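Number of protein chains: 2
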Amino acid sequence: MKPKLWLYDTTLRDGSQAEGISLSLNDKLKIARQLDAMGIPFIEGGWPGANPKDVQFFWKLQEQPLKQAEVVAFCATRRPHKLAAEDPMLQGILAAKTRWVTIFGKSWDLHVTESLKTSLEENLAMIQDSIAYLCSQGRQVIYDAEHWFDGYKHNPHYAIKTLQSAIAAGASWLVLCDTNGGTLPHEITEIIEGIYTAIPELNHPDYPHLGIHPHNDSGTAVANAIAAVRSGVTMVQGTINGYGERCGNADLCTLIPNLQIKLGYDCLEQSQLAQLTQTSRLVSETVNFAPEERSPFVGRSAFTHKAGIHVSAVCKNPLTYEHIVPEAVGNQRQIVISEQSGISNILHYAHKFGLTLEKHDPDCREILSQLKNLEHQGYQFEAAEASFELMMRSILKQRPPLFQLQGFQVHCNICPESHDFSSKALATIKVTVDQQYLLEVAEGNGPVSALDRALRQALTKFYPQIAQFRLTDYKVRILDGTMGTAAQIRVLVESSNGQERWTTIGVSSNILDASYQAVVEGIEYGLLLQSAIKPQITPIT
Amino acid sequence: MKPKLWLYDTTLRDGSQAEGISLSLNDKLKIARQLDAMGIPFIEGGWPGANPKDVQFFWKLQEQPLKQAEVVAFCATRRPHKLAAEDPMLQGILAAKTRWVTIFGKSWDLHVTESLKTSLEENLAMIQDSIAYLCSQGRQVIYDAEHWFDGYKHNPHYAIKTLQSAIAAGASWLVLCDTNGGTLPHEITEIIEGIYTAIPELNHPDYPHLGIHPHNDSGTAVANAIAAVRSGVTMVQGTINGYGERCGNADLCTLIPNLQIKLGYDCLEQSQLAQLTQTSRLVSETVNFAPEERSPFVGRSAFTHKAGIHVSAVCKNPLTYEHIVPEAVGNQRQIVISEQSGISNILHYAHKFGLTLEKHDPDCREILSQLKNLEHQGYQFEAAEASFELMMRSILKQRPPLFQLQGFQVHCNICPESHDFSSKALATIKVTVDQQYLLEVAEGNGPVSALDRALRQALTKFYPQIAQFRLTDYKVRILDGTMGTAAQIRVLVESSNGQERWTTIGVSSNILDASYQAVVEGIEYGLLLQSAIKPQITPIT
Chain A
1 MKPKLWLYDT TLRDGSQAEG ISLSLNDKLK IARQLDAMGI PFIEGGWPGA NPKDVQFFWK
61 LQEQPLKQAE VVAFCATRRP HKLAAEDPML QGILAAKTRW VTIFGKSWDL HVTESLKTSL
121 EENLAMIQDS IAYLCSQGRQ VIYDAEHWFD GYKHNPHYAI KTLQSAIAAG ASWLVLCDTN
181 GGTLPHEITE IIEGIYTAIP ELNHPDYPHL GIHPHNDSGT AVANAIAAVR SGVTMVQGTI
241 NGYGERCGNA DLCTLIPNLQ IKLGYDCLEQ SQLAQLTQTS RLVSETVNFA PEERSPFVGR
301 SAFTHKAGIH VSAVCKNPLT YEHIVPEAVG NQRQIVISEQ SGISNILHYA HKFGLTLEKH
361 DPDCREILSQ LKNLEHQGYQ FEAAEASFEL MMRSILKQRP PLFQLQGFQV HCNICPESHD
421 FSSKALATIK VTVDQQYLLE VAEGNGPVSA LDRALRQALT KFYPQIAQFR LTDYKVRILD
481 GTMGTAAQIR VLVESSNGQE RWTTIGVSSN ILDASYQAVV EGIEYGLLLQ SAIKPQITPI
541 T
Chain B
1 MKPKLWLYDT TLRDGSQAEG ISLSLNDKLK IARQLDAMGI PFIEGGWPGA NPKDVQFFWK
61 LQEQPLKQAE VVAFCATRRP HKLAAEDPML QGILAAKTRW VTIFGKSWDL HVTESLKTSL
121 EENLAMIQDS IAYLCSQGRQ VIYDAEHWFD GYKHNPHYAI KTLQSAIAAG ASWLVLCDTN
181 GGTLPHEITE IIEGIYTAIP ELNHPDYPHL GIHPHNDSGT AVANAIAAVR SGVTMVQGTI
241 NGYGERCGNA DLCTLIPNLQ IKLGYDCLEQ SQLAQLTQTS RLVSETVNFA PEERSPFVGR
301 SAFTHKAGIH VSAVCKNPLT YEHIVPEAVG NQRQIVISEQ SGISNILHYA HKFGLTLEKH
361 DPDCREILSQ LKNLEHQGYQ FEAAEASFEL MMRSILKQRP PLFQLQGFQV HCNICPESHD
421 FSSKALATIK VTVDQQYLLE VAEGNGPVSA LDRALRQALT KFYPQIAQFR LTDYKVRILD
481 GTMGTAAQIR VLVESSNGQE RWTTIGVSSN ILDASYQAVV EGIEYGLLLQ SAIKPQITPI
541 T
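Going down the list, the sequences are from chains A and B. Be aware that the first sequence starts at 1, since it is given in the UniProt record's numbering, and climbs by one per residue. Be aware that the second sequence starts at 1, since it is given in the UniProt record's numbering, and climbs by one per residue.
Quick caveat, the hints were computed from the structure, so don't treat them as lab data. All clues stand as given, with none of them false.
Identical copies look the same in the list; a pair holds intra-copy or inter-copy alike.
Straight-line Cα separation of at most 27 Å, DSS-like style, residue types lysine-lysine; simulated pairs: (1) LYS60 - LYS372; (2) LYS359 - LYS117; (3) LYS4 - LYS262; (4) LYS53 - LYS97.
None of these values were measured; they are calculated from a predicted model.
Using the sequences and the hints given, assemble the complete structure.
Shown next as structure tokens:
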């Protein structure tokens, strides 16, 4: 059994410095509780005192503590030529009332003289005083050595001195930060060896341990963390999905399975590791970023097979094209439906949808040809399996008609002079259900929501369960001119019945047409879900 | 000077196996010519014979050859128990008439027996025959050893034999493929050392050289390539933006600057390296993927500074937070405007826009407060600098009124019975320009395009230059309920005047309102561009 590795998540602090991320207090609490459930031992919560949100975050956790994780408060060393005990930032970090705190200080002489504008000696005192003061207040201190690798490359003697100050003051961990992300794996190995040579006491278990905090500016953050662990480091800092300033931090969703499954380190329980994909998606939803589909281990494409030759091999033996078992990280294999699909992909889907279809059935070719034709027009069923199932059912004559649209009109009148740029849109719709003719009108915030409401209003009279359906996501994409004649618009609609979610697609040169197609199929699929043949869809997490 | 490294791009073949990518013939030609201009020596063009598009691609390049790059045709070894000279795939690759060809064969015994369903001996014969035949036809052969690392881990003795067959047959390069992407950097190093021990002749310059083809399933493709190069490999295969099956291939946009700038290998001319960012964006546009903003070196966020503390330091000395000079790879530093912005970010932008603004000017605080207020409502100016400039100009009273909107109406009538789901929308608009009242009506494919046309129709009478403006991109995003009251919709519109592009933003609960705001500001900014104070914007590449 390899030694225990301590995972340290900084999504809530370093991660939120990513361009485009702005977390609310509730967002932060939601993410912290998920990380806690997944068994991450250290969760850096923020910089108390830097802004009111981070102060409140620590208050909230005092009221309702996490189950097992240590939440960590973060701040800088004291200011030059001030007393640690009188520094407002250090008072702020104490007020957070955490057992563990992280203090960052300067390792690189350039930053001491150029950014801090103080002497090299004073910087050592700042590190030592701040850590010693926090220890005297009963805190366990993690020392983040900012710009460690750059500092060491420029002035190794001074960089080592900063670590010695932190050791003398009583830090529990010395975390080597590659703040600018410019270091490559072999340099990590060499420099860590240099530290053990310069400070041989670090080999002794009673001395502080080393940690690593890599950034991804060279695209090697994960490899850098692995190199550090193989050199003896016992704490790894990173973020979920690798979010962070510039090119991000080490992605824990990639790093953890590498360390645990491939290298055998003890990080999480197996059942916790199986929550990794779910955690990745929860965090991307919370920060409102599209999930990175190509992410190793947790991305939707990570175990996706598209080329016909791969599909047939992986169906025979998954080891042939999969480096780990997808379920170990809570992910799953995907066989993609696309222009490149063959009959084997169609059969895979028929089985998944619970439809009976044989290889030599002429419907098989008909489905494939319809698929290629629609994808040529701009449909993309990879992201809209519900619509693909409906299309298959049409061809297999297993799609009962639920209603028929006769037409719709949308009207929108906007008067900016009233300073009301949230004016309503109006939709009228004509449908027949079971030979009954219905005319309905509804208002909505925009034309799509007006249309959606009018349609539901009409159909709910026949299918009351529609009242539970909700539009949970709506995406629009303009397809460029290379796709066909005029610019086509692709709309993806995600719907939910409270238990399950499914995605449907519409394509047209008119956004309202495309939206209508996707909305209607979303309702139809929801009704189908309640019928006998229940297809497999994604459960709400 | 370190030895020459040979870059081998497989964006057009392996890259196009990525989920969601489907390249037209013209797309492929456009990318090939850009790679050629950037100085990539080997460009894998496709599998001639596998589909008509790849056949045509090689024909087109026979008519109009590339300037300096070798375009390479790709295919598998001959089929089991057939003659190489009679194999239709090998005839296909010869018909492509390239000087160089790449043949892939099986290294892993499992794949030989399970996928190929043939004997281990026959697989060696397939490798040897195919390469020898292509050499006899005057081709230079690159041998891709598929699943090399997995094969070696399971049966090193057999894996080595496959390389020996390729050497005996006359291959010029032996490329070690980590097809499943499961290998970590230290394993790459160990296994390559194992090859040199098993086949010591490979140290001799007259013998074939080694290459590497890593996949990114462990998030270490770039680090794996670096480890291989440091172990003596002289060819590196990858794709632009790392596109490829599942989690993708080694990203050449990350790998090349690491190899050249950090490790000193000879890959490209400096002026060619400076085209890297442009090439990355051209390829992402061509495959119709959003550019990965966090990409190392070439991403929009790669040299972006957001936290106030970083901004002030990097302005003093770029070395403090930048690992390389952004211009070396054709990228540039960005200072971000966001909620976290301070006065220094505002001043940076004022300077960029050519506006006079002093630190203690009360307008500075007013702009910052307006910015935070609008971002709270769901605006995000990071992606819409043109709108940010207009907002600043409003506050500074440097935004001349060009027209005034009195109101607009949009109407859309759809009859699906006519099977015409591309019906037109109608927009009427009332504007005053220079105290003249104008009422215009226009039709469009959808409501937004109808609105855009009606507005242009009205304004072109006063500002004829508007006729040159085009809407080049239109993006819609639903903001979740956490942002404010009801769901807000954010629209980003990119406009162009043929020379330059700029992006504007609109936010509303009604998609038409939001679109209108963004469209109007897009036109206004285009007119502003032609006035005296010409702001800095992104030139069309």
